[in-house]
Amino acid sequence: MTTLDLSVPNTEFPTLDLDLDQAPLAPALYLSTFEARDWPAALAVALPDVVYAARTTGRSCAQHEFIDTATFAAVRLVLTYDVHDRQVVAAVAEAGTGGLWDRIVAAATDWNQAGRPPAEVWSPR
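Quick note on the working numbering: the sequence shown kicks off at 85 and runs consecutively.
Take these hints with a grain of salt, some might be off.
To be verified - Between beta-carbon pairs, the in silico distance windows are:
{"hint": "1", "residue 1": "Pro111", "residue 2": "Gly142", "range": "29 to 39 Å"}
{"hint": "2", "residue 1": "Cys145", "residue 2": "Asp122", "range": "20 to 30 Å"}
{"hint": "3", "residue 1": "Arg170", "residue 2": "Leu113", "range": "10 to 20 Å"}
{"hint": "4", "residue 1": "Asp105", "residue 2": "Ser207", "range": "29 to 39 Å"}
{"hint": "5", "residue 1": "Arg209", "residue 2": "Cys145", "range": "27 to 37 Å"}
{"hint": "6", "residue 1": "Pro201", "residue 2": "Gln106", "range": "18 to 28 Å"}
{"hint": "7", "residue 1": "Val167", "residue 2": "Val205", "range": "34 to 44 Å"}
{"hint": "8", "residue 1": "His168", "residue 2": "Pro202", "range": "32 to 42 Å"}
{"hint": "9", "residue 1": "Ala110", "residue 2": "Val205", "range": "32 to 42 Å"}
The set of hints was computed from the structure by calculation and includes no laboratory data.
These figures come from a predicted structure and were not determined experimentally.
All residues carry an ideal CB built from backbone N, CA and C; glycine is no exception.
Can you make the complete structure from the sequences, with help from the hints?
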């Protein structure tokens, strides 16, 4: 898996021609796993063909983007902190062939249930 540092000026996430930024967002399951510091390394073990990038798009908003280089499926996950409800709200958009979001959630759940072990010793189911 490749992780991009989008904090570097002029770094663009390579969404190819998938129009991921234009895909409509739908409510999604929020897992704190997505914000864990070691999650990108675990994701690389579980889904090695996935390129991952994350960026903060405001004081209370983060965006995570994934592209499966084997299938050209793409996912955009937007996490927004709702100050009134004091919770994180997740929304997801998909482009290309379906199923990538489900595979990401399954990998995140598996890693979380395993106790979030270091990626180098984790073996996904």
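- [ ] May I ask you to test the hint 29 to 39 Å on the CB atoms belonging to proline 111 and glycine 142?
- [x] 19 Å, violated
Open item on the list: Verify the CB-CB distance for aspartate 105 and serine 207 against the hinted window 29 to 39 Å.
Closed with: 35 Å, holds
Task: histidine 168 versus proline 202 beta-carbon gap, inside 32 to 42 Å or not - done: 37 Å, holds
TODO: Using the beta carbons of cysteine 145 and aspartate 122, state whether their distance is inside 20 to 30 Å or not.
DONE: Once the Cβ atoms are compared, 22 Å apart, the range 20 to 30 Å for aspartate 122 and cysteine 145 holds.
Open item on the list: Looking only at beta-carbon atoms, does the pair alanine 110, valine 205 fall within the given range of 32 to 42 Å?
Closed with: This hint holds: roughly 35 Å between Cβ atoms.
- [ ] Determine whether the Cβ-Cβ distance between arginine 209 and cysteine 145 falls within the hinted range of 27 to 37 Å.
- [x] Holds, since arginine 209 and cysteine 145 (Cβ atoms, about 32 Å apart) stay within the stated range.
TODO: Could you see if the CB distance from arginine 170 to leucine 113 stays within 10 to 20 Å?
DONE: 18 Å, holds
TODO: Check the following: the C-beta atoms of valine 167 and valine 205 are separated by a distance inside 34 to 44 Å.
DONE: With Cβ atoms ~38 Å apart, the hint holds.
TODO: Hint says 18 to 28 Å; check whether the CB-CB distance for proline 201 and glutamine 106 agrees.
DONE: 37 Å, violated
Taken one by one, the earlier hints fail for this structure at numbers 1 and 6, listed in ascending order.
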